[in-house]
Amino acid sequence: MKDGTDWQYSDIVKDHFFHPRNVLLRDPKPGEFDAEGVVGAPACGDVMRMWVKLAPLGGVDGVKIKKLKWRTFGCASAIASTSIFSEMVTKNGGLTIEQALKITPQDIVKELGGLPKIKIHCSILADQAFKEAIKNYKKPDVS
Amino acid sequence: MKRVYLDNAATTSMDPRVKKAMDSFWSDDFGNASAIYEEGRVAKKAISEARLKTASILNAKADEIIFTAGGTESDNLAILGVARAICGISDIPQKKSLHIITSKIEHHAVLHACEQLKKEGFQITEIGVDEDGIIDLRQLKNALKPETILISIMLANNEIGTIQPIKEISRIIRNKNILFHTDAVQAPSYLDLNVEKLGVDLMTLNGSKIYGPKGIGILYKKRGIKIEPLLYGGGQESNFRSGTENIPAIVGFTTALELAQKDREKESERQIKLRDRFIKKILEMPNTILNGSQDTRLPNNINVSFRGVEGEAIVLYLDAKGVSCSTGSACNSDSLEASHVIRAIKRPHEYAHGSVRFTMGKETKKRELDYVLGILPDIIKKLKNISAI
Chain V
208 MKDGTDWQYS DIVKDHFFHP RNVLLRDPKP GEFDAEGVVG APACGDVMRM WVKLAPLGGV
268 DGVKIKKLKW RTFGCASAIA STSIFSEMVT KNGGLTIEQA LKITPQDIVK ELGGLPKIKI
328 HCSILADQAF KEAIKNYKKP DVS
Chain X
1236 MKRVYLDNAA TTSMDPRVKK AMDSFWSDDF GNASAIYEEG RVAKKAISEA RLKTASILNA
1296 KADEIIFTAG GTESDNLAIL GVARAICGIS DIPQKKSLHI ITSKIEHHAV LHACEQLKKE
1356 GFQITEIGVD EDGIIDLRQL KNALKPETIL ISIMLANNEI GTIQPIKEIS RIIRNKNILF
1416 HTDAVQAPSY LDLNVEKLGV DLMTLNGSKI YGPKGIGILY KKRGIKIEPL LYGGGQESNF
1476 RSGTENIPAI VGFTTALELA QKDREKESER QIKLRDRFIK KILEMPNTIL NGSQDTRLPN
1536 NINVSFRGVE GEAIVLYLDA KGVSCSTGSA CNSDSLEASH VIRAIKRPHE YAHGSVRFTM
1596 GKETKKRELD YVLGILPDII KKLKNISAI
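Sequences listed follow chains V and X, in order.
Residue 303 in this note's numbering is what sits at position 96 of the first sequence, and the numbering runs on without skipping anything.
Residue 1454 in this note's numbering is what sits at position 219 of the second sequence, and the numbering runs on without skipping anything.
It is worth saying that the hints were derived from the structure and are not from the lab.
Beta carbons: idealized from backbone N, C-alpha and C, even for Gly.
Some clues are possibly wrong.
[Stated by the list, open to error] Computed beta-carbon distance windows for the label pairs: (1) X/Asn1620 / V/Asp314: 22 to 32 Å; (2) X/Lys1600 / V/Asn299: 47 to 57 Å; (3) V/Ala250 / X/Lys1501: 40 to 50 Å.
Hey, can you work out the whole structure from these sequences and the hints?
Rendered as structure tokens:
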């Protein structure tokens, strides 16, 4: 774990930065995703856009995250943190919305093997973009 | 593969001739210049010769050169030194009324020194630049007050390389009893440093940008100007900079300055050709803009912005391909904003965070630039595909 004072990115950060996972390289097709969220502003140097496809579990179990795609304008840690978030919420068949909403920036930093301290407050937007997407998610009418 | 180093505005390698000139002063001629015996006399002589050489390059007098530990110290000594000295003179009515003018694109060594003076009660005006990154002389004229004591404007900008109208500023304030400081650390390899012609009273130079050693600089201070030192002690450098003199570095700095000035015309001509070709090719890429004036800029500076791509990401992708360059992007500070220089030239947000600076040096070859031009489009394309804007 980095102590946050040096400038080296961890191997995990570099891997995700140079080989980002789950990027949506084209515009989404109509109906391809169930929810979309955008956070950040060009003025701040970070903009993150996230698309989520959900899979109902049936009964009271809620829904799982089937697919999470994203695009990010930002620095290395912004790109890497979104990439790793997309893996965290979709691995092993996907987390439920409730589980995914509990992921904190600290969880993402830990998963990345640490980040330089000054990067932490500004570059982790993945959890916020996800919350934004879920806020926009309209549950299907089950009545 | 040999790396392509294009960050010479950050620091340069040390010229082997400089290193050679310094060699004997580490272990052989190691004496303290304050000592009266043989080793001391050797050291004293080395400093005197270096001072004289440096002075003659600047068209100054030997006693007008103060050796310091670098550009930051020289800037601080000039600004804090002048302000605190004038403030200590009794016939100036109120410390609060004293006024200093600087610009929005100065190095932080100047801007943060001015911020400190603001805390101490001085008035500070930061004048703006036009979209080309050149000081707005009308703003400067309007900013002048009867209480103005000092102007600090850089000779050439470190980020976008723009060359500032120092002679014109000097003309504007002639006979106005205002001191004029210029930070010239980026200039020696390319520009004339004649202090008479420039019309400056104080000038900062630094060894680490001119193929000299790090941790050494000078402040040129015109005879008769009073400054308050930053350091108190043994009274070296005519009391303006106490501390045992760093003789190897002083000798190295002087050698580096001589070499830089000797080759500056030839190198300027060579690098302008490389620069203009590189800029032309890079601007052929879509959504790319040049930061700073096309012509009124240092021969070695190329600063471009790519729309919708963040500078740090570009720098790290280039780094992975063996290219060293830098960015004015914010992500290296606590602030979320783009660099103060890029903001001063009012770039749109989508471009402001995508600035990349390439600064050539005397070792830069055309084929190295061609290599960068070859790999850059794919890097930008990849990052644009990831980008949310």
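Review point. Honestly, which of those hints from before does the structure not fit?
Key: none
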